[in-house]
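Student: Chain order of the listed sequences is A and B.
Sequential numbering from 1 applies to the first sequence in my numbering.
Sequential numbering from 185 applies to the second sequence in my numbering.
By construction, these hints were calculated from the structure, which means they are not laboratory data.
In this text the structure is predicted, and so the values were computed from the model without any measurement.
Every residue, glycine too, gets a C-beta built ideally from N, C-alpha and C.
Just to be clear, a hint being listed does not mean it is correct.
Unchecked claim - Covered stretches of chain B, going by a simulated chain A footprint (3 or more residues, C-beta under 8 Å): (1) 195 to 209; (2) 284 to 293; (3) 325 to 337; (4) 340 to 347.
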Amino acid sequence: MTVVSEPMVSDGELIERIADGDRPAFEELYRRYARPVLGLALRRLGDRGRAEDATQDAFVAIWRSARTYKPEKGRGAPWLYAVARNAITDGLRRTPEPAAELQDRPSDDPGPPDQAETSWTAWRVHRALEVLPVHERPVIELAYWHGLSQSEVARTLGIPLGTVKTRTRSALARLAGALEEELG
Amino acid sequence: MSKHEPDFDELVGADLPSEERDRLRRVHDLLVAAGPPPDLAPAQPPPIPREASVVRLRPRRRLALVALAAAFLVAAFGAGYLLGNGGPAAEQTIAMTGRAQAVGASASLQVFPRDSAGNWPMKLQVSGLPATTQHYELWLTRHGTLAAFCGYFSVKPDGSANVRLNAPYKLSDFDSWVVVQDGSNTPVLTTT
Chain A
1 MTVVSEPMVS
11 DGELIERIAD
21 GDRPAFEELY
31 RRYARPVLGL
41 ALRRLGDRGR
51 AEDATQDAFV
61 AIWRSARTYK
71 PEKGRGAPWL
81 YAVARNAITD
91 GLRRTPEPAA
101 ELQDRPSDDP
111 GPPDQAETSW
121 TAWRVHRALE
131 VLPVHERPVI
141 ELAYWHGLSQ
151 SEVARTLGIP
161 LGTVKTRTRS
171 ALARLAGALE
181 EELG
Chain B
185 MSKHEPDFDE
195 LVGADLPSEE
205 RDRLRRVHDL
215 LVAAGPPPDL
225 APAQPPPIPR
235 EASVVRLRPR
245 RRLALVALAA
255 AFLVAAFGAG
265 YLLGNGGPAA
275 EQTIAMTGRA
285 QAVGASASLQ
295 VFPRDSAGNW
305 PMKLQVSGLP
315 ATTQHYELWL
325 TRHGTLAAFC
335 GYFSVKPDGS
345 ANVRLNAPYK
355 LSDFDSWVVV
365 QDGSNTPVLT
375 TT
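Sequences and hints are given; from them, build the entire structure.
Tutor: Quick look at the structure:
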């Protein structure tokens with residue numbers, strides 16, 4: 001059985017292994033990309049259940065089409081984005097969005113300006129988050145998406161404030177490395 | 185999830201060199217723009233790929249796909265656009281025109297010689313696209329389908345855009361370029 005959990009194995013190498021039927025490589029790729037694919041599907045479909053179905057379809061498509069990946073043509077992330085996006089769009093055509101029900105009160109859902117986030121940027125950011133060590137990821141998630149101050153993060157995690165600051169800087173620097181292309 | 189945006193100064197402090205500070209600031213902005221990743225159900229296992237099975241398309245869907253493929257191929261053929269040796273040796277400009285959903289739109293795609301990193305720098309100038317909160321995407325096509333993602337862009341309220349993109353692919357493996365709206369496979373701009 002191939003061991004593929006080392007972070008130095010690139011996405012492209014994993015896809016090449018999947019093309020040879022390597023199941024552990026597929027599981028590692030799933031671990032790295034399940035959230036970005038589900039996030040992409042949620043933005044496209046707007047419904048958790050349909051998005052989860054589409055995510056399954058996307059990974060089946062990745063498994064089936066891994067042989068078409070050519071590393072000399074580019075890195076793994078854009079290839080995965082293309083395959084996942086096409087699978088999600090195909091799913092959208094097969095199961096059209098159900099008719100919306102009228103609501104009694106204004107929706108709390110974000111309006112179009114808030115939904116204008118870029119799929120590709122979110123894809124890469126969510127993928128980059130998967131490279132963070134387990135002790136760094138919570139400080140980012142609590143600060144950015146739970147609205148906690150650094151002191152509150154320290155209390156929540158039960159670690160010194162200085163450690164929170166060190167981990168936050170380290171995590172941002174690690175993300176900068178992973179997002180180098182995005183940052184130009 | 186809170187919409188509270190964290191205080192960048194509190195996160196990184198004030199003692200970083202300006203270059204590193206700017207670098208982390210850009211990461212901060214990307215995190216804010218991307219929003220939270222979705223939560224996965226804890227016990228959700230990787231899907232077990234089923235063996236590929238032959239699925240016969242219903243005639244209506246088959247016709248729709250044929251029509252879409254034909255639209256792509258006609259556009260590519262009409263352009264007379266053939267790339268040799270992986271891509272253009274000199275700067276090349278390709279005209280694109282609006283399809284049914286963007287009649288009157290047009291674009292000019294400049295493809296420059298391959299850079300030292302092996303990418304093909306491109307400059308895309310667009311006018312007349314419907315202004316929308318969604319983004320547009322530039323794709324390379326092969327055999328009538330979207331095959332390789334080259335980047336995204338948004339248009340100004342007047343429907344114009346002027347962006348620099350990169351194609352990290354061997355261009356001669358593809359037939360043409362198209363622009364689609366985020367989430368759609370229907371081209372709004374194709375090569376002419």
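Student: Hints numbered earlier in the text: which of these fail when held up against the supplied structure?
Tutor: 2 and 4
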